[in-house]
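Chemist: These protein sequences, in sequence, are chains A and B. According to our numbering, the stretch in the first sequence is residues 1 to 314, in order. According to our numbering, the stretch in the second sequence is residues 315 to 656, in order.
Quick caveat, the hints were computed from the structure, so don't treat them as lab data. Note that beta-carbon positions come from the ideal geometry of N, C-alpha and C, so glycine has one too. There may be inaccurate statements among the hints.
[Stated by the list, open to error] Capping the alpha-carbon separation at 16 Å, the derived lysine to aspartate or glutamate pairs in EDC-like fashion look like this:
#, chain 1, residue 1, chain 2, residue 2
1, A, K246, A, E257
2, A, K246, A, E235
3, B, K353, A, D91
4, B, K353, A, E235
5, A, K154, A, E112
6, A, K154, A, E122
[As the list claims (entries may be wrong)] What follows is a list of derived Cβ distance ranges for each label pair:
#, chain 1, residue 1, chain 2, residue 2, range
7, A, T27, B, N436, 31 to 39 Å
8, A, N9, B, G341, 22 to 30 Å
9, A, G166, B, G341, 17 to 25 Å
10, B, L409, A, D91, 55 to 63 Å
11, B, V632, A, R213, 50 to 58 Å
12, A, N40, B, N436, 39 to 47 Å
13, B, G602, A, T12, 40 to 48 Å
14, A, H312, B, L352, 56 to 64 Å
15, A, N302, B, N436, 30 to 38 Å
16, B, G602, A, D131, 39 to 47 Å
[Unchecked claim] What the simulated footprint calls covered on chain A by chain B, stretch by stretch (three residues with Cβ under 8 Å from a Cβ of chain B suffice, anywhere in the stretch; the number is not a length):
#, stretch
17, 50 to 58
18, 64 to 78
19, 244 to 254
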Amino acid sequence: MSDTVIEVNGLTKRYGATTAVDGISFTISRGEIFGLLGPNGAGKTTTILMLLGLSDVTAGTVRVLGHDPGREPLQVKSRVGYLPDSVGFYDNLTAFENLIYTARLIGIPAAERQERIEAALERVGLSSVADARVGTFSRGMRQRLGLAEILMKKAAIAILDEPTSGLDPQATAELLEIIRGLRRDGVAVLLSSHLLDRVQSICDRVALFDKGRIVLMGTVPQLARQVLGGGYHVEVEADGAGLADKLAQVPGVRSVERLGPSRFRLLSEDDVRPQAAAAVVNAGGALRRLSVEEPSLDAIYNRYFQNREVAHAA
Amino acid sequence: MNRSVTDVEHKPVASANRWFSRAQREGSPWRGLGVVFLKELADNLSSARMLVLEFLMLLFGAVVVYIAAEQLREGTAEDPFLFMRLFAPPREPLLTFVTVISILVPLMAIGLGFDAINGEHNRRTLSRILAQPIYRDALLLGKFLAALATLTISLVILWLLVIGFGLVRLGIPPNGEELARALVFLLVTVCYAGVWLALAMLFSVVFRAPATAALTTLGLWLFFALLWPALARPIAELIAPPDIRYLMLGLPTPDTLMWQIALARLSPGTLYSEAITAILNPETRALGPLFLDQLQGMVRGAPLPFWESVALAWPQTVALIAAAILLFVVGYILFQRQEVRA
Numbered sequence: 001m002s003d004t005v006i007e008v009n010g011l012t013k014r015y016g017a018t019t020a021v022d023g024i025s026f027t028i029s030r031g032e033i034f035g036l037l038g039p040n041g042a043g044k045t046t047t048i049l050m051l052l053g054l055s056d057v058t059a060g061t062v063r064v065l066g067h068d069p070g071r072e073p074l075q076v077k078s079r080v081g082y083l084p085d086s087v088g089f090y091d092n093l094t095a096f097e098n099l100i101y102t103a104r105l106i107g108i109p110a111a112e113r114q115e116r117i118e119a120a121l122e123r124v125g126l127s128s129v130a131d132a133r134v135g136t137f138s139r140g141m142r143q144r145l146g147l148a149e150i151l152m153k154k155a156a157i158a159i160l161d162e163p164t165s166g167l168d169p170q171a172t173a174e175l176l177e178i179i180r181g182l183r184r185d186g187v188a189v190l191l192s193s194h195l196l197d198r199v200q201s202i203c204d205r206v207a208l209f210d211k212g213r214i215v216l217m218g219t220v221p222q223l224a225r226q227v228l229g230g231g232y233h234v235e236v237e238a239d240g241a242g243l244a245d246k247l248a249q250v251p252g253v254r255s256v257e258r259l260g261p262s263r264f265r266l267l268s269e270d271d272v273r274p275q276a277a278a279a280v281v282n283a284g285g286a287l288r289r290l291s292v293e294e295p296s297l298d299a300i301y302n303r304y305f306q307n308r309e310v311a312h313a314a
Numbered sequence: 315m316n317r318s319v320t321d322v323e324h325k326p327v328a329s330a331n332r333w334f335s336r337a338q339r340e341g342s343p344w345r346g347l348g349v350v351f352l353k354e355l356a357d358n359l360s361s362a363r364m365l366v367l368e369f370l371m372l373l374f375g376a377v378v379v380y381i382a383a384e385q386l387r388e389g390t391a392e393d394p395f396l397f398m399r400l401f402a403p404p405r406e407p408l409l410t411f412v413t414v415i416s417i418l419v420p421l422m423a424i425g426l427g428f429d430a431i432n433g434e435h436n437r438r439t440l441s442r443i444l445a446q447p448i449y450r451d452a453l454l455l456g457k458f459l460a461a462l463a464t465l466t467i468s469l470v471i472l473w474l475l476v477i478g479f480g481l482v483r484l485g486i487p488p489n490g491e492e493l494a495r496a497l498v499f500l501l502v503t504v505c506y507a508g509v510w511l512a513l514a515m516l517f518s519v520v521f522r523a524p525a526t527a528a529l530t531t532l533g534l535w536l537f538f539a540l541l542w543p544a545l546a547r548p549i550a551e552l553i554a555p556p557d558i559r560y561l562m563l564g565l566p567t568p569d570t571l572m573w574q575i576a577l578a579r580l581s582p583g584t585l586y587s588e589a590i591t592a593i594l595n596p597e598t599r600a601l602g603p604l605f606l607d608q609l610q611g612m613v614r615g616a617p618l619p620f621w622e623s624v625a626l627a628w629p630q631t632v633a634l635i636a637a638a639i640l641l642f643v644v645g646y647i648l649f650q651r652q653e654v655r656a
């Protein structure tokens, strides 16, 4: 059994003369959290709609769990959970009633419905408000209810469009924890977001969208190497002579920046703390402090768009 | 709606059948229809909007029927269709039961349908619901049927109340034929409601703002109810100018009259009132001009048998049903083509 759950090849969407999505290709495997990044209007939501069969494909192929969402929508929709941007529920119904409606539409047998809904609400922490009207819910609670719906569905794939937008830090952390729980269950998660540091903390791989194309794709360290030329910042505080040269010789270090008389900042491709420490000690220096800063998606994102503007200007 | 291929092939070719079945949608488009229907019905029956409309209908209906009953009590009981007079009094007072119904029923239908689809868009539930394994067919038809069922329930309640009131007040029970006519009246009213419901749902697909959909449908209803009957004649005279010979005699020109009647029948309200006239006034022999050959063998004032009245009202009823189906199909096509973004 193949591990690939989503396979997209040359996917294109045109609205008249405008091309919203221009020949993108990617694959997603079971149990992977895949992030879609990019500015507004880059084509992330349109791609998601095409994956679900909610929008027609102009060119290219999409295969979700082996099925074409345009031709076999029921097959796809019964195994994919979708949390749209600013999800809505029926405000006059309770949380439980909303989920019962969805459960009936999915076709969950009556005997299982109660139990699955209760388990799902328990997992997202909404059991206490199961019988409260959704009209009284805060935004964070609605997002969690949306996730509960996906859990209840026992979907193989979860597609989340800006799940953390508008949430306070606490609610965001809770939501991300639930998403990690999904990964532990072997669910593939496709996540689209603006909040880069949050995305970084949970995504296995990311794809950067720009004007309908995927311009960068891979794990964060890979992208860091590609855009920033390595992304790890290792800070070394050590006393000694000629340390700058010794540190520059450590394999994997791209550059050494002197921050002060005893402080150096290394830009490297990997976490080279052990090697840097060894270099300092071998040179006879006294190591005082060693820390590492992982490549930041924010920095990658900004550098990429900076480069693009420079290229345009040039 | 189901793109299945019926038995048109005389010689089924294996490969052609395979191609046809590949082009068909997988699964049933009616999957989830019952679920949507029940949920929408429950919502409709418990919504404040419906309660207000029902209350209005009961209030108006009760008052009008009470007045009609009082009038009848003063009159004679020789009339074989006394019960029918409760619905459509012969002396045509200002407000009859039928008038009240023909105003309130479109209002209720529009009130139920105007925010069917755009309401889901605005509440942001549409993309979530369509991400479940159902087709858009089931959603649209479920909402339509639920609204129609709600209307039918309200009309049946009113209908029963009127019949019960008549029984109590007039002291005589309706005979079998009167009951049958009253039942047909109910069915035709439901068909009439279906037309306005389909139109309101069509506009709810087209317009994103429910208020726009509601006002447009109401505007069209007012236009057809108030303006169109007056416009039918000038337009008919434009298409088929009256003949001077008939004008001299003071008679309407047949061609012009035919055009006038045909144009007037474009309004659902006209179709409804014609059908109702045939059903509730058993003496009605023809809807439209009475020709001499129809008068042959007629006994003046004698009522038509039940099935003859139904046959008289049948074309109008079929036209109402056809209009409802047509409007629904247009709304369906537009909804299928619409892109749903959260």
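Chemist: All the hints need checking, so say for each whether the structure fits it.
Modeler: Here's how the hints hold up against the structure:
1. Proximity of K246 of chain A to E257 of chain A is assessed by CA-CA distance (about 13 Å); at most 16 Å being required, the pair is judged to hold.
2. Our distance criterion of 16 Å between C-alpha atoms is met by K246 of chain A and E235 of chain A, whose separation comes to about 14 Å.
3. Note on K353 of chain B and D91 of chain A: the hinted pairing holds, with a Cα-Cα distance of about 14 Å set against a maximum of 16 Å.
4. At most 16 Å may separate the alpha-carbon atoms for a hinted pair to count; K353 of chain B and E235 of chain A exceed this at roughly 62 Å.
5. Between the alpha carbons of K154 of chain A and E112 of chain A the distance comes to roughly 12 Å, so the proposed pair stays at or under 16 Å and holds.
6. For the given pair, K154 of chain A sits about 15 Å from E122 of chain A by alpha-carbon distance, which is consistent with the 16 Å threshold.
7. A beta carbon spacing of about 36 Å between T27 of chain A and N436 of chain B agrees with the range 31 to 39 Å that was offered as a hint.
8. Taking 22 to 30 Å as the suggested C-beta distance range, the pair N9 of chain A and G341 of chain B conforms, at roughly 25 Å.
9. Taken as a hint, the range 17 to 25 Å is violated for the pair G166 of chain A and G341 of chain B, whose Cβ atoms sit roughly 36 Å apart.
10. Restraint check, L409 of chain B to D91 of chain A: a C-beta distance of roughly 39 Å breaks the suggested window 55 to 63 Å.
11. The given range of 50 to 58 Å is respected by V632 of chain B and R213 of chain A, whose C-beta atoms sit roughly 56 Å from each other.
12. The given range of 39 to 47 Å is broken by N40 of chain A and N436 of chain B, whose C-beta atoms sit roughly 21 Å from each other.
13. Checked against the hint of 40 to 48 Å, the C-beta distance between G602 of chain B and T12 of chain A comes to roughly 58 Å, which is inconsistent with it.
14. Here the CB-CB span from H312 of chain A to L352 of chain B is close to 57 Å, well matched to the stated 56 to 64 Å.
15. Here the CB-CB span from N302 of chain A to N436 of chain B is close to 36 Å, well matched to the stated 30 to 38 Å.
16. Evaluation of the 39 to 47 Å hint for G602 of chain B and D131 of chain A yields a failure: the beta carbon distance comes to about 60 Å.
17. With 3 residues bearing a CB less than 8 Å from a CB of chain B, the stretch 50 to 58 of chain A meets the requirement of three and the coverage assertion stands.
18. For the stretch 64 to 78 of chain A, the proposed coverage by chain B is satisfied: 7 residues have a C-beta within less than 8 Å of a C-beta in that chain, meeting the threshold of three.
19. Given a C-beta distance limit of less than 8 Å, the hint that chain B covers the stretch 244 to 254 of chain A is violated, as 0 residues qualify and 3 are needed.
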